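Take the given structure of chain B and dock chain X to it, following the hints.
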Amino acid sequence: MSENQIVINNLSKVYDNGFNALKNINLNIKKGEIFAMLGPNGAGKTTLISIICGIVKPSSGKVTVEDFDIIEDYRETRSRIGLVPQELTLEQFETVFNNVSYSRGLYGKNPNPKHIEKVLKQLSLWDKKDLILRKLSGGMKRRVLIAKALSHEPKILFLDEPTAGVDVELRKEMWKVVKSLREIGVTIILTTHYIEEAEEIADRVGVINQGEIIIVEQKKELIKKMGQKVLSVELQEEIQDVPDSLKKYNLIIGSNKMSLAYTYNLEEKQTGITNLLQDIKDSGLRLRDLKTEQSNLEKIFVTLVRENNEN
Amino acid sequence: MKINYYGFKAIYFHEMDRFRRTLGQSLLSPVISTSLYFIVFGSVIGGYVQKIDGISYGSFIVPGLLMLTLLTQSISNTSFGIFFPKFNGTIYEILAAPISAYEIVLAFVSAGATKTLIVGFVIFLTAQFFADVQVQYPLLMIFLLILVSFTFALFGFLVGLVSKDFEQMSIIPSFVITPMVFLGGSLYSLDMLPEFWQVVTYFNPVVYLISSLRYSFYGISDFNIWISVGLMVLFLSVCVIIVSILLKKGYSIKS
Numbered sequence: 170m171s172e173n174q175i176v177i178n179n180l181s182k183v184y185d186n187g188f189n190a191l192k193n194i195n196l197n198i199k200k201g202e203i204f205a206m207l208g209p210n211g212a213g214k215t216t217l218i219s220i221i222c223g224i225v226k227p228s229s230g231k232v233t234v235e236d237f238d239i240i241e242d243y244r245e246t247r248s249r250i251g252l253v254p255q256e257l258t259l260e261q262f263e264t265v266f267n268n269v270s271y272s273r274g275l276y277g278k279n280p281n282p283k284h285i286e287k288v289l290k291q292l293s294l295w296d297k298k299d300l301i302l303r304k305l306s307g308g309m310k311r312r313v314l315i316a317k318a319l320s321h322e323p324k325i326l327f328l329d330e331p332t333a334g335v336d337v338e339l340r341k342e343m344w345k346v347v348k349s350l351r352e353i354g355v356t357i358i359l360t361t362h363y364i365e366e367a368e369e370i371a372d373r374v375g376v377i378n379q380g381e382i383i384i385v386e387q388k389k390e391l392i393k394k395m396g397q398k399v400l401s402v403e404l405q406e407e408i409q410d411v412p413d414s415l416k417k418y419n420l421i422i423g424s425n426k427m428s429l430a431y432t433y434n435l436e437e438k439q440t441g442i443t444n445l446l447q448d449i450k451d452s453g454l455r456l457r458d459l460k461t462e463q464s465n466l467e468k469i470f471v472t473l474v475r476e477n478n479e480n
Numbered sequence: 018m019k020i021n022y023y024g025f026k027a028i029y030f031h032e033m034d035r036f037r038r039t040l041g042q043s044l045l046s047p048v049i050s051t052s053l054y055f056i057v058f059g060s061v062i063g064g065y066v067q068k069i070d071g072i073s074y075g076s077f078i079v080p081g082l083l084m085l086t087l088l089t090q091s092i093s094n095t096s097f098g099i100f101f102p103k104f105n106g107t108i109y110e111i112l113a114a115p116i117s118a119y120e121i122v123l124a125f126v127s128a129g130a131t132k133t134l135i136v137g138f139v140i141f142l143t144a145q146f147f148a149d150v151q152v153q154y155p156l157l158m159i160f161l162l163i164l165v166s167f168t169f170a171l172f173g174f175l176v177g178l179v180s181k182d183f184e185q186m187s188i189i190p191s192f193v194i195t196p197m198v199f200l201g202g203s204l205y206s207l208d209m210l211p212e213f214w215q216v217v218t219y220f221n222p223v224v225y226l227i228s229s230l231r232y233s234f235y236g237i238s239d240f241n242i243w244i245s246v247g248l249m250v251l252f253l254s255v256c257v258i259i260v261s262i263l264l265k266k267g268y269s270i271k272s
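As they're listed, the protein sequences go chains B and X. 399 is the number that our numbering gives to position 230 of the first sequence; each next residue is one higher, with no gaps. 109 is the number that our numbering gives to position 92 of the second sequence; each next residue is one higher, with no gaps.
Any given hint might turn out to be false.
[Claimed, not checked] For lysine to aspartate or glutamate, the following EDC-like pairs were computed, each having C-alpha atoms within a straight-line distance of at most 16 Å:
| no. | chain 1 | residue 1 | chain 2 | residue 2 |
| --- | --- | --- | --- | --- |
| 1 | B | K341 | B | E369 |
| 2 | B | K398 | B | E436 |
| 3 | X | K19 | B | E245 |
| 4 | B | K345 | B | E368 |
| 5 | X | K19 | B | D242 |
| 6 | B | K231 | B | D242 |
| 7 | B | K426 | B | E403 |
| 8 | X | K103 | B | E256 |
| 9 | X | K266 | B | D185 |
| 10 | X | K19 | B | E241 |
| 11 | B | K324 | B | D236 |
| 12 | B | K199 | B | E352 |
| 13 | X | K265 | B | E241 |
| 14 | B | K200 | B | D236 |
| 15 | B | K283 | B | D296 |
| 16 | B | K389 | B | E202 |
| 17 | B | K348 | B | E368 |
| 18 | B | K200 | B | D372 |
Calculated from the structure, these hints are not laboratory results. Since this is a predicted model, take the numbers as computed values, not measurements.
One chain only, chain B, in its complex shape:
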């Protein structure tokens, strides 16, 4: 097997109603990485995951998991994968322990109460093991879904919106679990709306929009490459219009009329800051303070999707 654990080639999906959910997707997932898939609602994230896991049939293209084809060798591929779905879909009347054990059996693994115990303890569910699922809170149900996905010791874990509707504390706890799984070599692919989540835990980020992958990049590289900085110039007096001599800098006047914002890219040879400050001084404006701010993944994501939608 190459370093790519999952290889997706020219994958497309057209649903019966004619909706083209995925358009010629090409993507590789590396062994042991945390890959975050970002995209607005209806972008095709869940369809992509569902195809790899065997829930949705692809219209065309090929997907391999550790060199096994997801259609022909489905037993091999699926036994390597754990899936945490987006919806809180659980049996109502079974106990936590039995339901997690059921998942292990379904995936063709012999019963192993020790492993189930380990997983439940890892997810702080051990004291709830005899409770029936209906009695659990939303957050607890989410943990049970993760426990079910880990019950058969998968090498790859798909988390579809794992922290949707989860409070901050639990979200951070889940990130901890995800990181600890990576430490034991589990590859993790997660879809999320929370850019903060991708920023916090992902190694690589892919942005998907209208069924197409717009970009796939190392998170740090992406932030560096796409990330723009904003220089905020605070003034001593109110300003109504940008002086003509400063028009070329595309400055934006702050809402309090007491500041000017200048966007620049660190990757470029010349940021233009020196000239800007000189021209501000020449225009007679008096400065009070200066501050710079790095744009985060969220801003990059919004920009990418907006540009893609316009094209």
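Relative to the frame of chain B, chain X by itself:
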């Protein structure tokens, strides 16, 4: 992994566990309703009805009522078994598991048939309290019970697979199976009907099932027993073919 034995076992016991959790509804309810039939038709009304082919009316209706239970139970057990995960979304887990479509069907159908046979066995025991029940050909009876339970459990799987809501689920048992059993000679001998209705009844497949089961009990039948068995095998084959086609197309679940 050539066969997912643990996966089959997981679904089978998961279904059996549901049966255990809802014992009142799944076992007690059919036993009570069938007992009421035994009391009203067998003991009360049966006292005023003359013997049919030398058998008391109370005893005569036992195979028919047993068949009614087998058919309705086997269909409802498996149809609910597959419909529920579809309804609450937990089907995702079965679809994403390394288990073949045939293993899934076999697990659900085996569990449905097992539950039906348990209910059937309890009803058979209950019948002893209300009527003089003798089984002339016990092996044939067991064979028929197993064949009927599996065949109609598979049919129930089909119903659950194609049903979009609870209403559709109840259409087949309520509007097709129950009338067919009642009009299929479960409570009377076909000889009692006017000739025209006798001919009409021949087009009711359940008639052959009841008749063959009655043959295994008392050695009397309106038809050759092998016609019944042949028809049932034919019906089973049709169900297998339809289920196979549906599974190939994605169970009407996979998009």
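Verification of the supplied hints:
The hinted pair formed by B/K341 and B/E369 meets the criterion: a straight-line CA distance of about 10 Å does not exceed 16 Å. The suggested pairing of B/K398 with B/E436 holds, with an alpha-carbon distance near 10 Å, which does not exceed 16 Å. A C-alpha spacing of about 10 Å is found between X/K19 and B/E245, which places the hinted pair at or below 16 Å, so the restraint holds. A distance of roughly 14 Å separates the Cα atoms of B/K345 and B/E368; the hinted pair therefore holds under the 16 Å criterion.
For a cut-off of 16 Å, the pair hint linking X/K19 to B/D242 stands: about 11 Å separates their Cα positions. With a CA separation close to 12 Å, the supplied pair B/K231 and B/D242 stays within the 16 Å bound. About 9 Å separates the Cα atoms of B/K426 and B/E403, which keeps this hinted pair within 16 Å; it holds. Distance restraint check for X/K103 and B/E256: the Cα-Cα separation of roughly 13 Å lies within the 16 Å cut-off, and the hinted pair is therefore satisfied.
Distance check on the hinted pair: X/K266 and B/D185 sit about 12 Å apart at the alpha-carbon level, within 16 Å; holds. With a C-alpha separation of about 13 Å, the suggested pair X/K19 and B/E241 falls inside the 16 Å cut-off, and the hint holds. For the proposed pair B/K324 and B/D236, the alpha carbon gap of about 14 Å is at most 16 Å, so the pair holds. Between B/K199 and B/E352 the alpha-carbon distance is near 14 Å, which keeps this suggested pair within the 16 Å criterion.
Restraint check for X/K265 and B/E241: the C-alpha separation of about 14 Å stays at or below 16 Å, so the hint holds. Simply put, B/K200 and B/D236 have alpha-carbon atoms about 12 Å apart, close enough for the 16 Å limit, and the pair holds. The suggested pairing of B/K283 with B/D296 holds, with an alpha-carbon distance near 15 Å, which does not exceed 16 Å. Distance hint between B/K389 and B/E202 is fulfilled; the C-alpha atoms sit about 14 Å from each other, no more than 16 Å.
Taking the CA atoms of B/K348 and B/E368, the gap is about 13 Å. The hint holds against a cut of 16 Å. A threshold of 16 Å between alpha carbons decides the hint, and for B/K200 with B/D372 the separation of about 12 Å falls inside it, so the pair holds.
The structure meets every hint from the earlier list without exception.
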